[in-house]
Amino acid sequence: MWRPAPGSPVLQREDLHLASSTCETVGSFYTKSTFILLSKQSVLIHESADLSSRVAFLDMSCECPETSPEPLSPSQSFQHHDQWQSPAKYKLVTMSFVEYGDTIKDGDTAIVFLGHESMFPVKVQHGSMTQTKYGVIRHSTDLIGKKYGSKVTCSKGGWVFILHPTPELWTMNLPHRTQILYSTDISIITMMLELKPGSIVCESGTGSGSLSHALIRTVAPTGHLYTVEFHQQRAEKAREEFREHGVEHLVTVTNQDVCKNGFGVSNIADAVFLDIPSPWEAIGHAKSALKAEGGRICSFSPCIEQVQRTCLAMEEYGFTEINTLEILLRVYNVRTVSLQIPDLGKAAEDNSSTGFDSSNPSHQESPCGNLQQGTVQFKSGVPLREVVGHTGYLTFATKSLV
Amino acid sequence: MEGGAGARIREGDCAVLKRDEVFKAVSVLRRRKIIFEKQWFYLDNAIGHIYGTTFEVTSGGTLQPKQEVEETTTETKEAGTDNRNIVDDGKSQKLTHDDIKALKDKGIKGQEIVQQLIENSTTFRDKTEFAQDKYIKKKKKKYEAVITIVKPSTRILSTMYYAREPGKINHLRYDTLAQMLTLGNIHAGNKMIVMETCAGLVLGAVMERMGGYGSIIQMYPGGGPVRAATSCFGFPKPFFDNLHEFPLSKVQSLLSGTFSTEALPADPEENALVEEESNGLSEEKQTSLQETEEEPAPEAPMEINPTEEQDTMDINAEDVEFKENKEKENKENVREKQIKQWERRKKLKEAAALLREKNADGLIVASKFHPTPLLLSLLEFVAPSRPFVVYCQYKEPLVECYTRLRERGGVINLKLSETWLRNYQVLPDRSHPKLTMSGGGGYLLSGITVVLEKGKCDSSNSEALKMEEPSSKRCKLQDLPC
Numbered sequence: 001m002w003r004p005a006p007g008s009p010v011l012q013r014e015d016l017h018l019a020s021s022t023c024e025t026v027g028s029f030y031t032k033s034t035f036i037l038l039s040k041q042s043v044l045i046h047e048s049a050d051l052s053s054r055v056a057f058l059d060m061s062c063e064c065p066e067t068s069p070e071p072l073s074p075s076q077s078f079q080h081h082d083q084w085q086s087p088a089k090y091k092l093v094t095m096s097f098v099e100y101g102d103t104i105k106d107g108d109t110a111i112v113f114l115g116h117e118s119m120f121p122v123k124v125q126h127g128s129m130t131q132t133k134y135g136v137i138r139h140s141t142d143l144i145g146k147k148y149g150s151k152v153t154c155s156k157g158g159w160v161f162i163l164h165p166t167p168e169l170w171t172m173n174l175p176h177r178t179q180i181l182y183s184t185d186i187s188i189i190t191m192m193l194e195l196k197p198g199s200i201v202c203e204s205g206t207g208s209g210s211l212s213h214a215l216i217r218t219v220a221p222t223g224h225l226y227t228v229e230f231h232q233q234r235a236e237k238a239r240e241e242f243r244e245h246g247v248e249h250l251v252t253v254t255n256q257d258v259c260k261n262g263f264g265v266s267n268i269a270d271a272v273f274l275d276i277p278s279p280w281e282a283i284g285h286a287k288s289a290l291k292a293e294g295g296r297i298c299s300f301s302p303c304i305e306q307v308q309r310t311c312l313a314m315e316e317y318g319f320t321e322i323n324t325l326e327i328l329l330r331v332y333n334v335r336t337v338s339l340q341i342p343d344l345g346k347a348a349e350d351n352s353s354t355g356f357d358s359s360n361p362s363h364q365e366s367p368c369g370n371l372q373q374g375t376v377q378f379k380s381g382v383p384l385r386e387v388v389g390h391t392g393y394l395t396f397a398t399k400s401l402v
Numbered sequence: 001m002e003g004g005a006g007a008r009i010r011e012g013d014c015a016v017l018k019r020d021e022v023f024k025a026v027s028v029l030r031r032r033k034i035i036f037e038k039q040w041f042y043l044d045n046a047i048g049h050i051y052g053t054t055f056e057v058t059s060g061g062t063l064q065p066k067q068e069v070e071e072t073t074t075e076t077k078e079a080g081t082d083n084r085n086i087v088d089d090g091k092s093q094k095l096t097h098d099d100i101k102a103l104k105d106k107g108i109k110g111q112e113i114v115q116q117l118i119e120n121s122t123t124f125r126d127k128t129e130f131a132q133d134k135y136i137k138k139k140k141k142k143y144e145a146v147i148t149i150v151k152p153s154t155r156i157l158s159t160m161y162y163a164r165e166p167g168k169i170n171h172l173r174y175d176t177l178a179q180m181l182t183l184g185n186i187h188a189g190n191k192m193i194v195m196e197t198c199a200g201l202v203l204g205a206v207m208e209r210m211g212g213y214g215s216i217i218q219m220y221p222g223g224g225p226v227r228a229a230t231s232c233f234g235f236p237k238p239f240f241d242n243l244h245e246f247p248l249s250k251v252q253s254l255l256s257g258t259f260s261t262e263a264l265p266a267d268p269e270e271n272a273l274v275e276e277e278s279n280g281l282s283e284e285k286q287t288s289l290q291e292t293e294e295e296p297a298p299e300a301p302m303e304i305n306p307t308e309e310q311d312t313m314d315i316n317a318e319d320v321e322f323k324e325n326k327e328k329e330n331k332e333n334v335r336e337k338q339i340k341q342w343e344r345r346k347k348l349k350e351a352a353a354l355l356r357e358k359n360a361d362g363l364i365v366a367s368k369f370h371p372t373p374l375l376l377s378l379l380e381f382v383a384p385s386r387p388f389v390v391y392c393q394y395k396e397p398l399v400e401c402y403t404r405l406r407e408r409g410g411v412i413n414l415k416l417s418e419t420w421l422r423n424y425q426v427l428p429d430r431s432h433p434k435l436t437m438s439g440g441g442g443y444l445l446s447g448i449t450v451v452l453e454k455g456k457c458d459s460s461n462s463e464a465l466k467m468e469e470p471s472s473k474r475c476k477l478q479d480l481p482c
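Those protein sequence lines, which keep their order, are chains A and B. Its first residue numbered 1, the first sequence is counted upward by one per residue in UniProt numbering. Its first residue numbered 1, the second sequence is counted upward by one per residue in UniProt numbering.
In isolation and in its complexed conformation, chain A is listed as follows (with noise of 0.2 angstroms):
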């Protein structure tokens, strides 16, 4: 993400796609993810001292230190991190991903919104500038003070909208360390765990922290959510996350292994919930952390066996109410349709078929339906061409008293 471009000072579009394509194999479940991520290429140049050497991806979304070129350790990407921040100190004066702000202020994360499903996230800095494909956006001038909502006009006289991060927000816009839980599954998961204000959580693994802004949001300002992410540098990255998000204090993340060492918490959670590849191992740890007087747990496993292996396990560990369930996203294009009328061999003065028109009184603007041309329109919700068919089952189960 913060990373300093490898070698050349400005990063071309081809380079986006190399270093993402050497992530493939990594995310090869979902590999409509990864395409996704690569229409992103928002570029951060810092204002101040040189500007060559201070180029990163917002969103290097595929960053996977295992078969990137230059693996970064933690301490390493640490410090670039702060050698990033330190031109301009800033503090952060609201919580902005728990609680609404009015306005955009010095080290808020904002949402860029260039137009239809397209968008970024920016941390808002006192001399920074982000560059659109619109022009350059200067933060002091065009974004610090300003109200969330406000239309920007950029540099080449193109505008955009800033926006209020929230959990969904950040979901469409984040840097992917991993394949990562949409809105939709999210949605379910937190009503089918009953989360609410107030609620502990655990969670695992942390991955990218799509889920985890969404959990802290719900529980928040009296719960906490514990999330063990066995990969050291996911778990230092989703910490590092949080705290620019300042919502560090309703989350503790944990670098360990859920299968072997559970949640590092026991008896306290109201609800757990598990994304890993073997959910099964986790099941007598998720147990022991849920309240004594019971809790609710869920599991999201892309493959049916693996869904089959957990409900034994959940059986054998006594709980009850075991349920699976998918769901689905339909999205539905607003499209005005016209359908040509069918020549019947009718004569052109036949007015018999202005019955299609009044059958129509929806469309106020052309009323007559361009009956000339022989169309009738209207307007329909129409299915996208391809949708999502699949993210994974989610099997939902309640521990009980004994």
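Here are the simulated DSS-like pairs of lysine-lysine, each with C-alpha atoms no more than 30 angstroms apart in a straight line:
#1 A:LYS147 x B:LYS454
#2 B:LYS415 x A:LYS105
#3 B:LYS134 x B:LYS91
Over the 12 angstroms line for every Cβ pair with chain B, so calculated as not near, a few chain A residues:
#4 LYS123
#5 PHE230
#6 ALA235
#7 THR254
#8 SER278
#9 GLU281
#10 LYS346
Reference listing, derived: stretches of chain B covered by chain A, where coverage requires no fewer than 3 residues with Cβ under 8 angstroms from a Cβ of chain A:
#11 152-163
#12 169-181
#13 188-195
#14 208-216
#15 375-387
#16 400-406
#17 415-423
FYI, nobody ran anything at the bench for these hints, they're computed from the structure. Owing to the predicted nature of the structure, the values given are computational and were not obtained by experimental measurement. Where is the CB? At the ideal position from N, CA and C, for every residue including glycine.
Take the given structure of chain A and dock chain B to it, following the hints.
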């Protein structure tokens, strides 16, 4: 806090009965007959037990906490491999209807009846292991009467309403409700506007997610807000301190600046009561008509009946001290009414003031009304860069709403969506999707507000024409004059 898991069942609580996947909301009262899944019983014995306890219904309708029993594994592990020799002659069960009835009347435990049925089934041994499992499960469901008493939650109540009374909540399926809460970024500290005609279920869901922090303004049609489902949640009293309500019929006057509380009907509270009561009754009638085959008529669909709701609501709406006064003389009543009216007016003023700030953190709409006029007006009260979500049982009104919102401007990231929910049977070697799934749980239109520019109306026509193009293209087109 109201104490989540581990809390004990107390008299007067709102609880939910659960048998397999069937739920029913009840208020826990002593010496009160409850009918649930063709059984009747009293909840007296449940009081004092922890939520989540499973009870057995014994003769005389008393509840006994279920002892953890070692499954009496059918000693004979005999099983067939296929059904080539199983003939359906209707004579495989040696026990007659009367025999079974006699067993039941004797008060024999359901578990034993199931055992007897197995022993008297001539084909049981020839059935495959899977078929035996299925047989036992089916019989257990019928004869072993166990119910679990659980604490209400959005998960449970929305599942219950969707299964039992989808008509009352406009067929809003629980996963759709879950989407609304997430898309709306509902969390503690928000100032939310909620417009719903879902019996108060959506309001309750929002209240649960806000945990008593922040404020909610409920917009209501008619004489008063319906909160039958809200009261099933059993929220602690402080949750209602920052719950406001505002009549939908006054929205226009509030927006145009002509609103005044003095212009309200002389006794708004009375109207509200009358209207609600009649509402409740007609709904009651409707559902009992629908459910006659399912359940005996005396059983109210929701155990909490309208008049009772009224009580709980009153308690919530006013101080308990007033309740004591109720039993006193008429003079007192008149005074009390005046106080109530004054309080109501005061609350209305507060709600109006909150709305006038036009800085709400979100808008949730789930009603039987056409969404377009609601959105066009209510979005005025929402701050920029905040999410809004509209539910509709049908897609077409949302298509229109989408179009009108694009014309109006001030919104981005508009999305019309629907979720599909598929349940699975997961058993060793027998995993597959459940045979039936819900046909539909409604549609959502969501988006984010942005600062609405002045003079937007002029360009609205041209924008409407260009609507079909991707917005990035439009940006470029509109860039030129900028």
